[in-house]
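Protein sequence lines correspond, in order, to chains L and R. Residue 1 is where the first sequence starts when you use the working numbering, and the numbers rise one by one after that. Residue 1 is where the second sequence starts when you use the working numbering, and the numbers rise one by one after that.
Because the hints were derived from the structure by calculation, they are not lab data. Predicted model only: the values in this text are computed from it and were never measured. Be aware that one or more of the hints could be misleading.
In the DSSO-like style, the derived pairs of lysine-lysine whose C-alpha atoms are separated by at most 27 Å in a straight line are [said to hold, decoys possible]:
id, chain 1, residue 1, chain 2, residue 2
1, R, K94, L, K8
2, L, K8, R, K184
3, L, K248, L, K304
4, L, K53, R, K184
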Amino acid sequence: MSQEMTPKAIIFGSLLILAAVTFVVVLWPYTHRHTAPSEIYRQRTALEESGRKIYLANGCVYCHSQSIRTIDWGHGAERIAQAGDYISDEPVALGSARTGVDLSQEGGEHPDDWHIAHFINPRYTRPNSIMPPFEWLGMENIKSLTAYIQSLGMKGADKRMQRQRHWKEQVATAYEAGPAHNIRWLAEHVPEGWRNIPNPYPTTPAGLARGHKIYQDFCLGCHSPIGDGMGPAQPWIYPPPLNFTILKGREISGGIIYYQIMNGITGSAMPYFKKELESEKIWDVGNYVAEYFINQSDANTEPKGIDASYEP
Amino acid sequence: MEIDTGMEQEINKAAIAFSLTSALWFALATSMGMVAAGYLIAPDFMANIGWLQFGRIRPIHVNLVLFGFVTPGLLAAAFYYVPKLGRTQLFSQKLGVYNAILWNITIAIGVVTLSAGYTQGREYAELIWPVDMLIVINFALVIVNLVMTVRSRKEPILYVSIWYALAAVVLTATTYCLGNVIWKPSSGALVGIQDAILLWFYGHNIFGLLLTPLSLGVAYYVIPKVTRNPLYSHSLSLVGFWGLLVVYTHIGTHHLLQVPVPTWLKVISIVDSVAMVIPVMVFLINIWYTVKGKVGEIHADVAGKFVFAGTIFYFFVNIQGSMMALPQVQRVTHFNNWVVGHAHLGVLAFAGMTALGGMYYVLPKISGKPLYSHFLADLQYWLVLIGSGGFTVVLTIVGLIQGNAWLNGETVYRVLPAIQIYYVLRVAIGFLILSGAYIGLYNIVRTIFFNPGAKA
Ligand code: HEM
Ligand code: HEM
Numbered sequence: 001m002s003q004e005m006t007p008k009a010i011i012f013g014s015l016l017i018l019a020a021v022t023f024v025v026v027l028w029p030y031t032h033r034h035t036a037p038s039e040i041y042r043q044r045t046a047l048e049e050s051g052r053k054i055y056l057a058n059g060c061v062y063c064h065s066q067s068i069r070t071i072d073w074g075h076g077a078e079r080i081a082q083a084g085d086y087i088s089d090e091p092v093a094l095g096s097a098r099t100g101v102d103l104s105q106e107g108g109e110h111p112d113d114w115h116i117a118h119f120i121n122p123r124y125t126r127p128n129s130i131m132p133p134f135e136w137l138g139m140e141n142i143k144s145l146t147a148y149i150q151s152l153g154m155k156g157a158d159k160r161m162q163r164q165r166h167w168k169e170q171v172a173t174a175y176e177a178g179p180a181h182n183i184r185w186l187a188e189h190v191p192e193g194w195r196n197i198p199n200p201y202p203t204t205p206a207g208l209a210r211g212h213k214i215y216q217d218f219c220l221g222c223h224s225p226i227g228d229g230m231g232p233a234q235p236w237i238y239p240p241p242l243n244f245t246i247l248k249g250r251e252i253s254g255g256i257i258y259y260q261i262m263n264g265i266t267g268s269a270m271p272y273f274k275k276e277l278e279s280e281k282i283w284d285v286g287n288y289v290a291e292y293f294i295n296q297s298d299a300n301t302e303p304k305g306i307d308a309s310y311e312p
Numbered sequence: 001m002e003i004d005t006g007m008e009q010e011i012n013k014a015a016i017a018f019s020l021t022s023a024l025w026f027a028l029a030t031s032m033g034m035v036a037a038g039y040l041i042a043p044d045f046m047a048n049i050g051w052l053q054f055g056r057i058r059p060i061h062v063n064l065v066l067f068g069f070v071t072p073g074l075l076a077a078a079f080y081y082v083p084k085l086g087r088t089q090l091f092s093q094k095l096g097v098y099n100a101i102l103w104n105i106t107i108a109i110g111v112v113t114l115s116a117g118y119t120q121g122r123e124y125a126e127l128i129w130p131v132d133m134l135i136v137i138n139f140a141l142v143i144v145n146l147v148m149t150v151r152s153r154k155e156p157i158l159y160v161s162i163w164y165a166l167a168a169v170v171l172t173a174t175t176y177c178l179g180n181v182i183w184k185p186s187s188g189a190l191v192g193i194q195d196a197i198l199l200w201f202y203g204h205n206i207f208g209l210l211l212t213p214l215s216l217g218v219a220y221y222v223i224p225k226v227t228r229n230p231l232y233s234h235s236l237s238l239v240g241f242w243g244l245l246v247v248y249t250h251i252g253t254h255h256l257l258q259v260p261v262p263t264w265l266k267v268i269s270i271v272d273s274v275a276m277v278i279p280v281m282v283f284l285i286n287i288w289y290t291v292k293g294k295v296g297e298i299h300a301d302v303a304g305k306f307v308f309a310g311t312i313f314y315f316f317v318n319i320q321g322s323m324m325a326l327p328q329v330q331r332v333t334h335f336n337n338w339v340v341g342h343a344h345l346g347v348l349a350f351a352g353m354t355a356l357g358g359m360y361y362v363l364p365k366i367s368g369k370p371l372y373s374h375f376l377a378d379l380q381y382w383l384v385l386i387g388s389g390g391f392t393v394v395l396t397i398v399g400l401i402q403g404n405a406w407l408n409g410e411t412v413y414r415v416l417p418a419i420q421i422y423y424v425l426r427v428a429i430g431f432l433i434l435s436g437a438y439i440g441l442y443n444i445v446r447t448i449f450f451n452p453g454a455k456a
């Protein structure tokens with residue numbers, strides 16, 4: 001019965017199958033593509049394009065996807081990927097793993113200085129990161145790479161970058177006017193209600209231990225282990241990470257600290273942590289900063305509102 | 001199965017050269033895997049050495065296992081069984097040896113260019129155009145050698161292993177050109193989402209039209225030989241062969257279920273991914289019924305053990321793969337180490353172990369000398385078996401942790417500390433596979449050269 005299986009039958013039969021399938025699943029969708037640009041689409045600049053080459057050459061694509069799904073929560077989760085986002089990508093860099101985060105909407109998430117410090121060594125801004133360091137690329141390449149990263153999200157990214165640039169100018173001016181002015185300026189930008197709120201929970205050894213762990217996992221690369229703002233990221237960041245010790249006696253409430261950690265300070269490298277830290281964790285790390293570095297905490301003082309159901 | 005005419009086979013230099021190629025790159029590929037795995041637990045280890053960093057080592061690892069280790073290993077067996085089954089000699093030993101030399105040069109150039117950052121940036125299609133061309137030439141040479149051998153055969157009936165070997169090399173040469181967009185040498189890519197569709201059509205064909213058929217060819221040859229049972233059913237092998245070609249080629253889009261490609265393509269890929277159960281089970285029923293009552297023989301023979309373990313892993317990788325193509329499952333498994341676990345289960349545990357079995361089966365025959373050490377081959381079997389099983393378990397656990405955490409709103413960064421210990425375990429288990437690879441290299445080199453054993 002296997003007599004029909006001649007070399008010709010095998011070779012031409014299988015090639016025929018391949019041709020038919022290729023026609024249906026590759027050629028057909030190729031000729032019937034409608035690649036209208038999406039509403040955020042724009043072309044990349046020459047600098048961004050050169051950054052993309054570096055991105056591809058160094059295998060960023062093995063750890064980073066560029067495509068948001070309906071089930072995602074991370075940043076950019078509001079913008080589900082559309083075919084029209086990719087119309088000038090050759091090759092397309094969708095990625096098949098998220099060892100790192102999705103980068104399709106990364107542009108404007110951070111200011112440039114955060115990215116540069118992060119590329120020099122990711123542990124500087126993200127102590128638990130497992131992303132490799134890219135200092136060896138040299139500053140020029142790091143800058144084009146940063147330009148590319150800041151373009152991800154296209155028109156959406158441009159809007160966010162405009163916001164970053166606007167506030168960068170303001171935080172830099174405030175910083176240059178001296179610590180007293182800077183701290184006042186920062187506090188004034190925290191909405192009124194938050195400024196009068198003390199940390200509602202009492203200081204406990206367990207709470208401080210939790211705060212310490214969170215500080216180590218999220219903050220120490222910038223603010224340093226002793227809170228003086230001289231962490232390893234400091235040389236690349238401007239305005240530099242805040243030195244917490246200068247906050248003493250300047251009426252910095254638990255609410256201000258909470259708000260700044262939750263919301264970040266756009267324009268400066270200070271990121272927002274609302275996606276990564278739940279409420280208790282922000283209070284805990286805030287109180288840790290207050291107790292250990294500012295040496296002054298308003299934890300568990302009035303006004304407190306209705307007592308929390310659990311009190312240690 | 002073929003009638004043994006007792007015709008002497010010459011020393012098969014081509015098969016020897018491909019075995020050595022496979023053993024050598026197996027050792028180097030696992031070394032690269034260890035480096036890549038090392039970075040994931042200690043990202044600053046060997047920091048700032050550009051050509052050694054994770055993003056360059058990873059494609060080197062993957063290209064080496066595919067084109068350095070598994071493919072040449074499976075081809076080594078084919079260079080033996082195709083002439084043997086046709087009751088003839090290989091068309092040209094010389095061509096085969098030159099082919100193996102060119103193959104090694106190609107792989108070496110591939111490693112150097114990738115580590116220097118010359119890449120087309122497409123997973124499984126990273127190699128730049130000149131290397132692509134070399135690969136195509138290599139496959140063309142294999143095709144010439146095998147087809148000419150088949151044409152000069154004295155046995156009119158073609159056994160199923162030959163079908164698979166011929167189809168694999170012919171189809172791979174074709175999809176390789178397509179998938180690497182060789183008509184566009186500068187980028188080697190299409191533009192936009194179309195590029196992803198083509199890429200995964202091709203990427204999946206590397207597993208489905210290269211590794212799988214070559215592995216099945218080896219299994220169809222080695223299992224009846226080792227058990228001395230006739231193949232259970234020739235009709236089943238016919239169904240399995242054409243079924244595999246029809247179904248496997250459709251399913252590349254299951255890599256793209258969560259990105260904006262046309263829905264009808266996704267539907268085809270999901271349906272056919274589930275339908276993959278048919279050709280796979282047809283093959284497995286055929287092979288396992290052939291083994292029936294002879295498991296003892298399998299276990300007495302190291303080649304039989306490797307190949308038989310490969311068929312069992314084929315079962316698992318298929319069941320797992322069909323599940324992963326279901327959208328509800330893929331919500332959890334996509335983008336994380338579950339897929340890496342599946343990849344090692346498929347390429348290492350199924351295709352890799354089958355390749356090793358094929359080589360151990362043919363080595364004494366192609367070299368005319370007994371295997372240097374059965375003990376070392378046995379040791380390698382256990383190291384690779386435990387290593388593959390361990391990888392699958394550990395990477396699946398990591399994948400479940402990552403996938404479920406993300407689905408419930410945890411950020412990637414927050415999950416990193418939770419998975420670190422599993423990355424450490426992966427390196428620990430990796431040492432088993434790494435030692436297995438070097439032991440195998442030693443054993444194979446000693447079998448062919450410096451072999452004190454009597455002439456067989
Ligand atoms: C036979 C039935 C199989 C089915 C239905 C199947 C299905 C799948 C699916 C759905 C994925 C995509 C996972 C994702 O990205 O979420 C995948 C990935 C993969 N499969 Fe399979 N698979 C099968 C067999 C195999 C075999 C036999 C091999 C190896 C020889 C293999 C190697 C791979 C590899 C290496 C990947 C990873 C691709 C990447 O880098 O993203 N698969 N498979
Ligand atoms: C010492 C043993 C090995 C170690 C430590 C190792 C480690 C790794 C690592 C770290 C990755 C990258 C995963 C990621 O990006 O998260 C990888 C990918 C891969 N490895 Fe290995 N590996 C080893 C052996 C092998 C062998 C022997 C094979 C095949 C025969 C293999 C096939 C693959 C494949 C196909 C991928 C791509 C997976 C994907 O894209 O999803 N590995 N390996």
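Checked hints:
Note on K94 (chain R) and K8 (chain L): the hinted pairing holds, with a Cα-Cα distance of about 25 Å set against a maximum of 27 Å. Restraint check: the Cα-Cα separation between K8 (chain L) and K184 (chain R) comes to about 31 Å, which exceeds 27 Å; the hinted pair is violated. This hinted pair checks out: K248 (chain L) and K304 (chain L) have alpha carbons roughly 22 Å apart, not beyond 27 Å. The hinted pair formed by K53 (chain L) and K184 (chain R) meets the criterion: a straight-line CA distance of about 17 Å does not exceed 27 Å.
Hint 2 from the earlier list is the only one contradicted by this structure; the remaining hints agree with it.
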